[in-house]
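Next come the chains, spelled out residue by residue.
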Amino acid sequence: MKTKFSGILTLLLAFVVQLSFAQGKTISGSISDEDGLPLPGVNIIVSGTSNGTQTDFDGNYSISANTGDVLSYSFVGYKTIEKTVGSANNISFAMAIDATAIDEVVIEAFRTSTKETSNIASTTITASTIEARPNASFVQTLQGQVAGLNITTSSGQPGANSTINLRGVSSLSGNTEPLFIIDGVPVDEDNFRSLNPNDIESLSVLKDAGATSIYGNRGANGVVKITTKRGSYNSGLKITYTGTTSFSTLQNHDYNLMNSREQLQLEKDFGSGFGATLSDTELDIRARQADTNWLDVFFGTGLSQSHTLGLSSGGENVNSFTSFGYNDTEGILKRASTLKRFNFRNNLSGKSSDDKFNYATSVSINYSESNEPNSIGSGAINRNFVLGANQSVPYISPNAYVAGQGGNIPVVFANTPLFLLDRLDTYTRREDEIKIIANVNASYKLTNDLTYGASIGADFTDEQLLRVEAPTSFNAQLFAATGDNTPGFSDQDVTRTLAFNFNQNLTYAKTFNEKHGLEVSLFTEYFKAHLRSFGFRQLGFDPATFYPGDGSGFVNDNANDDNYVDTGRANIQNAGLFSYYAFADYDYDKRYGFSATVRRDASYRFSQSNRWGTFYSVAGRWNISNESFMQDSFFDVLKLRGSYGTTGNQRIVDAVGQFAYFSGPDLTRDLFATGGQYGGQNGIAVSQIGNNELKWETVVQANIGLDFELLKRRLRGSVDFYKKNTEDLFINAPIAGSINGGTTGIRANVGELENRGVDIELHYDLFKAKKDGGFNLTLNGVTNYNKQEFISLGDGGDIPFGNRVGGPLAEIYAAPYVGVNPANGNLLFLDINNNITEDLQEEDQRATGQNIYPDWQGSFGLDMDYKNFFFTTQFNYTIGVERYDFDYSGFIDPTAIGQFRHSRDILRAWQNPGDITDIPSLNATNLSDEGLSDRHQRDSDYVRLRFVQLGYALPSNVLDKVGFSSAKLFVSGENLITFTEWRGFDAEALGASQNGYPTPKTLSVGLELGF
Amino acid sequence: MKNIYKLIGAFMIVSLFGCNDAIDIEQPGRLGAENAFTSVADLQAGLLGAYNFLDTTNEIGFTAAFTDESTRGRDNGGQNVNIQNFNLNSGNGYVSNIWLSYYGAIGTANRIIAAAGSVDSSEDQTAYDNILGQTYAIRAYSFFQILTYFSTDYRDDSALAGILVTAPATDIFADVPRSTNGDFYAQIESDLNAAAGLITSNTNQTFMGQDFLTALRARMAAYRGQYTVADGHAASLLASYPIANQAQYVNMFNDSDFTEIIFSLERNRNDSFDGQGLTGGGWAGSLFAFIDSSAGGGPYMEMSRAVFNILDGTSDVRLTTAFNAGDSTVDTGYDGNNNYLNDDVLLVQKYPGSDGQPLMNDLKVFRSAEMLLIRAEAAASASNFTAAATFIKQLRDARLGTAQPIPSYANQTEAFGAILDERRLELLYEGHRWVDLKRLGDMGGRAIDRDAWECSFLAGCTLSNSDFRFTLPIPLSEVTANAAVQQNPGY
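So the sequence lines, in the order shown, correspond to chains A and B.
Be aware that the first sequence starts at 1, since it is given in the numbering used here, and climbs by one per residue.
Be aware that the second sequence starts at 10001, since it is given in the numbering used here, and climbs by one per residue.
Treat each hint with caution, since some may be false.
What the hints assert, rightly or not - These stretches of chain B come out as covered by chain A in the derived footprint (C-beta under 8 Å, 3 or more residues):
| id | stretch |
| --- | --- |
| 1 | 10027–10034 |
| 2 | 10048–10061 |
| 3 | 10158–10165 |
| 4 | 10270–10279 |
| 5 | 10313–10324 |
These are calculated hints, taken from the structure and not from any lab test.
Built from N, CA and C at the ideal position, the CB exists for glycine as well.
Given these sequences and hints, build the entire structure.
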């Protein structure tokens, strides 16, 4: 620490050196870089004096000095050279790059180190790759940027929760997502919709045990540490503005869907549905009257805008950063899907003038309003808008829906789009959220080497959920009780969570004999979280005074019927963790390093079984390039790292969002609950069978990595091999329903799951300009290979058609579908003995070794700039993803003829004996067997142009005229092109739900201004 | 240096204080199992909890779709397609629901029985006895349902039934093998006797009284082929539960007439079954339609043509109740019409709804009509064909509203055949057909009898009564967890 600080001072001095007229003997010369090109701006100083100069644009200089004086030549990023003035009047030479001088800061758990002295596997992403992207949640932006971080977003809802897995999925039923820490506050990793991505300064993904085991109880899935922007001391007011406007549209599908005429003809030919009732002439007329592509009705262009204004300034002892953000994002599902948010952030730092006391606060207050449709992915024809868009028959016109007349729509499946048009008009589902993340931290140097620090933080979320079904709506009328003329319901719920975190530490850091660096820290951490929720369901609205969310139209219970009996609900839950831990780091001469962590954790979830867990790690490094024998090698940096250690997971049940801290709070207990009503009276029933042996899930991870920079830093990268074993896996272990009162599963620790693989990160400067405005081109590549395997499944062993030892997670069990029987049009499969059969049995399903998780995933792309233009691309890819295409199975389902839309593929259906085709007879009698087969299993690998951006930075001469300090204009695209065999809208979505909400492709234009 | 000591001191204090505060958290509103049963009132609450597990919609839905009672309806979106095609495996939802709901009831009953001993019964001895008695009755009925659906042969005491569990599990991970029918019958008898000795009152038809016990004995004896016993119990019940006339019959299915009801499971607004249950577990009527039994109610399972063609054109009140004549569209040319799904819409109305809630009705478990048909079976079994015919005539007179000719049966096959035909109509959509074909089909020369046109779209029109699918598979969840359980043949 100390040496680094003085280094910075030297640099500052070098910059502020005064230039002076030449005196005495004049030394001149020219300074070049390693390639022999002139190096302008090199500081030259006569040691021990204030006499100095700089090289000019051509690398030439002259300075007066006396013989025997020492001239010091320094330039940022290059090794400082000292030359003694002799008889020669000319001193010219080439400067050498100093790899260590521009050492990047590495963010670790509770400290920062440098790339040279860090022992951990981590990747840091900076603001430049996060800012101004049109994704409402920054997590989506992260996709593909970090080796091993697999992010999938299965919903096009703005700000939707993404699934985030680091180095594979490490738990079966427990939490599998990394811990997110924003400015020292652990936060809900599922909900970033209210946060402003433009506030982020840097984001570090901590991967190996050496980095994460200090987080013990929550580090099992890795840690993502986010730092937001701050001001700097002694700086003037700086104002930045970032604005983007985006246009999102539905990605393409390749289902070859029928138009109105084709759909009607299919119905007529098959003899089912509306088409079957029409004569040829009538059919022709109808096909001309209505040919609706319902995708265009329910989906459209989502227009979004985002504005962020940032102000930073700093004085001698205090600095601040303040930002205001406004974002209005429309999802591509018209009207039903929006997100609006307002953000405020203030980050303040201060210190005493003797630098002994430092403090910082980070406060962000955020408010968002979103309309988020529910029932997406379900088969509810009256609730899932996407089902209406995908599957509605084209021969119905949207004009057939009359606003306000929902109750009169004839109830048949073919009217699906009309039910949903009515729902768009009459259903409200809004979430209003206040989210506050605040942190105060302070440190005091007790002595030169000993520092006390404390950090208090909180993540507060208040969500108000409003769901209202209007009294005149189709759905309300449909399910109204007999005689209920004022139906409809309103659910209003408020859920408030506060997660509070208090961390204290004592740190001793000292360098002995300039070569032995030692740092030792002791910590305690206290975590407490509280949930309070309440809400009600009101039944019945008077249409005359109805307004969603307002009580004027509420109809009260009466003596005649039970149509308007309202229900109330409330919930209180508390959670807590307590830990103490220690960390030590030793460095020898920047050549060898060693660190160790030990941590004791207690969780409220195991308070009655195994409350304490102990986790540890050891990590070491060897800076090979700092060894004397490497001085002349072409490696600028070569560092070998290794770590081994454990982390824990106490989130037994993988609950989402606000509920995550509180799920499964006392699974060790046998509980009864009020309920089980019969005969109009309340009863009690067993609500939980306890497992009094529950304990921590432990991830044991070994990591070996190599960091390298070579060819004068033009090729940079790292390779990390890891093996991550989850022991005492949280599993919903099967128990016999017969002896356990109908309960078939219990949360237990069973078995072991292994993830092993490699993370590779490479950057290569293909073109590196010699001077400003030249052509730069950097190629980037990030990849991860991960293989999953069950090592053990405990005493219970393999689960039929489920997990098996040696198999991957969520393995697909299916019998091969081999085609259509030319004799009768039935489906043909292979039974378990590989004989062709038409009659598939359950036991014919076999383990395929395939699942929805990729074997390979990552990205490649380039960053280019020339003069004032800059251009970036990022292609993401996954290999080894298998999914079921249920959308397609719906489009070729003959039993849906007359109800839903079809793919033209169905026209290839078998008709006569001898037909050779890939589509079975529409009357195939074994169609229902396909559910046991791989008929609709598809390869969902893809390469996608995830991001492309072209920008222009205004040159300084223009800026001077308009009064800006910087200005950038850019256009960018997200998900513009996808190469895949997947026929659906979105190859990326995890899982296989039918009629899900696809992520959009987005075009945006933006502007960044600095004042 | 003083500061350091202060801080280290603060560290220690926070450590000790923080530790307990953050870890020892009792969530509010928890009722630990150890405190669940401390009074007679607690036992009563537990009893209601046990009743709440009893639900015959799974049996009704499965039977209607698997046999010949119902067929694919106009608004079918894939519901029941597997079992309509005789695709039945251990992953089936009905199968698992039947197993788990009765074992839920058994588990709750076991907990009540185990806890009852430590509750002070002198608080209210009568209430205590009645609670415990009903608990035994629930357990007996649940064991019998398990046996009925999972045993290969009711008349074979050495065939396997389910798992015999009579106490709360001490080892929740234990592997327990299946017991034989003989063991099951013995346990059921024992529970029935215990119940009979405790229950003092017949509260009403929705709580288990002495008559419930008798009805269960009658049905069990009939299934076992012990017809003398069955006949005695059935006869005794018929003395107090007459056969409903046409008007009473209609009202019985509106839940407003209880002439014939010996026991039914009550279904109310806002209870745990008040909702759609497309594969059981909700409104009984929602096994057939999404919304209500009208034309716009989303019929996804309709009355099969096989049943409709028998009843059509008669004055049989069973057509009036089971079929919504006003809203249905009857296409006389359905046979051969490819668009019959849209043109021939036969709406099931057996569960029209009650208390203003469409599709929600009490689940009829024991009715006197079943007792009458048990008497007919007993007579046929004793080759007393005239008596059998007289019982059938008695039922048909009541249902058709006019005196019907007395049938005549030349032999047992004819008699059992006629009884099966009558049971098919009388107990339509009440979850009997599959069991009846299994136990009497071969004796009466009857099998699943689907309409030829409707079943031309399915994998089969009929199935041998000895097919393995006339015994349900042990559900996958049980097989997975219980290594000792033996799967039924064929699965």
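Checked hints:
Counting residues of the stretch 10027–10034 of chain B whose CB lies closer than 8 Å to any CB of chain A gives 8, so the stated coverage by that chain holds, three being the minimum. Coverage of a stretch by a chain is defined here by at least three residues with a beta carbon nearer than 8 Å to that chain's beta carbons; for the stretch 10048–10061 of chain B and chain A the count is 6, and the condition holds. Counting residues of the stretch 10158–10165 of chain B whose beta-carbon sits less than 8 Å from any beta-carbon of chain A gives 3, enough to reach three: the coverage restraint holds. For the stretch 10270–10279 of chain B, the stated coverage by chain A is satisfied: 3 residues place a CB nearer than 8 Å to a CB of that chain, which reaches the threshold of 3.
A stretch counts as covered by a chain when three or more of its residues have a beta carbon under 8 Å from one of that chain; for the stretch 10313–10324 of chain B and chain A the count is 0, and the coverage is violated.
In summary, the one numbered hint that this structure violates is 5.
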